[in-house]
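Asker: Here is what each chain is made of, one letter per residue.
Number of protein chains: 2
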Amino acid sequence: MTQEPHSTPSWIAVDWGTSHLRIWPMDDDDRPLCRIDSDKGMGVLAPTAYEETLLTLLEPYIQGREQLEVICCGMAGSRQGWVEAPYLVAPCAPPSVDTATRVVTADKRLDVRILSGVMQHAPADVMRGEETQIAGVLAAEPEMDGVICLPGTHTKWVSVRAGQITHFATFLTGELFQLVSKQSVLRHSVATEGWDQGAFEAGCHAAIKSPHGIANALFRLRAEALLSDLDPIIARSRASGYLLGLEIEDMRRNWQDKTVVIVGENEIARAYAVALQSQGAETIVADAEEITLAGLRTARAPKT
Amino acid sequence: MTQEPHSTPSWIAVDWGTSHLRIWPMDDDDRPLCRIDSDKGMGVLAPTAYEETLLTLLEPYIQGREQLEVICCGMAGSRQGWVEAPYLVAPCAPPSVDTATRVVTADKRLDVRILSGVMQHAPADVMRGEETQIAGVLAAEPEMDGVICLPGTHTKWVSVRAGQITHFATFLTGELFQLVSKQSVLRHSVATEGWDQGAFEAGCHAAIKSPHGIANALFRLRAEALLSDLDPIIARSRASGYLLGLEIEDMRRNWQDKTVVIVGENEIARAYAVALQSQGAETIVADAEEITLAGLRTARAPKT
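Protein chains in written order, with this note's numbering: chain D, 14 to 317; chain Z, 14 to 317.
So that you can see chain D by itself, here it is in the shape it has in the complex (with noise of 0.2 Å):
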């Protein structure tokens, strides 16, 4: 999408993350004029700067208007963050503005509103952001029974039915990937890139199996590299595959027999559908951004 400054949204849709802001000033029919990208996410911000970044993004869009209504989702709705937005806690449909925090600007021509994230108290767990998405998915499916694996550094899956989050999960398995692969002695044999299916899988199996030995199977990895010269590529996939491959036998009673909608295209949400696959279960992937619009459409204007 290019931008086109000299358009009128009639809103604004925003995804506040820690480490990025997207924007999409949205049209009178709901779809995205064009998609302003920032690195001005929660982790580099003061409270204060919220409004300050927001107004200089939007300038070609406020000039002149009274008011322009923001629908925000994600980190900025923390405690550390621009405003905190309570948590809704699990059983409950995604939020939407019904539920949502409202900032007070300085500039008074801003309408912001920021959605509440999820929590779980038992076990403990908490969303930012991808409640939206699950607000996404359950937009073009009212009645999906199943669960939506949203990938990434911190993967969440979420079990719905019946138009509500039932309960959902957190993994640190992208973390620890990065910094395994990035911090510990394996960096020394791990590729930074490329990809084996094979030694993927494999990794997959072997953790599945043997999940106890995981710590060994990583040395092991190190050990390889040191006496038969080991392939970085296939000690990273191997390595990926270990962890990943524990996370979805973690959840498989969750995914048996269900539908499993993945959100995202990227490497990591790949990984996921073929290690899924690889045990036998059917994966729809669904595109990341439009899913989170999608999200905040439905957050706006509620159907109930």
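Rather than coming from a laboratory, the hints here were simulated on the basis of the structure. Just to be clear, a hint being listed does not mean it is correct.
Claimed, not checked - Cross-link-like lysine to any residue pairs, in silico, SDA-like; alpha carbons within 20 Å at most:
1. 271(Z) with 286(Z)
2. 195(D) with 166(Z)
3. 222(D) with 222(Z)
4. 121(D) with 83(D)
5. 222(Z) with 195(D)
For this one, chain D is given, so just place chain Z on it according to the hints.
Answerer: Relative to the frame of chain D, chain Z by itself:
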């Protein structure tokens, strides 16, 4: 031990690891005169810097001598070290001077030999330094039939029988714990020190029972910190328990109904002892320094 520079050593025992260098000038009765500690480990030394490092630290002991015998174990014998000392292949007896690699030094007063490490073909594994501690354990108990646990960043479990290293396994557990508790999102929720034995044992049991869920269990520590102010010392102990529990269970067939000797008395060694005892194993704790010295002594004067 205090340094007595005027004593005359019979020989010099050296443990030259990645991050540390320990030197013991030994008297005629094979007892250490003192210990010299240095941070000039392999990690910070170019191959050409080893000789000078040794001469500087040994200066009070080499003055006026024609020759000084130095027996060295550890990473100084690796490819990136001083001189590569080829691996022996397990199953094998712990290496001695019979298979050591002689270092050609510019200063002819130095008579340096580096002990071999041990490798294993299948599954691939390597050790450098620990084999000398195995020699030390076997010096006191030549007929030991059991497993020796050497806790550390990369803990090793070494099975011994009839004076031989029969097989061994290395675990990335210690490094994983460091990365997870200091570099991942958990760093905000996990104390850097402190210990709760109940939480540690609960973590062990949880991981043994649900090994595939390790990455979810770890994330839940973060969620519990956000939602219910989980005590950071509890979080640290539980995280440590999760990771050690997996390892202990993976090694069960090696330690069950066998003698387990744990080499070391620091916090991590104590954690292994607690975890093993909670699973019904009987453990013997050995002093790491004494064991290393016994190993270097035995390697220098093998009984065969």
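Asker: Now, for every hint given, state plainly whether the structure supports it.
Answerer: Comparing the hints with the structure gives:
1. 271(Z) with 286(Z): Holds, at about 14 Å.
2. 195(D) with 166(Z): It holds: about 16 Å lies between the C-alpha atoms, which stays within 20 Å.
3. 222(D) with 222(Z): Given that 20 Å is the threshold and the Cα spacing comes to 14 Å, the pair holds.
4. 121(D) with 83(D): 12 Å, holds
5. 222(Z) with 195(D): 30 Å, violated
Hint check: a violation occurs at hint 5 only; the rest are consistent with the structure.
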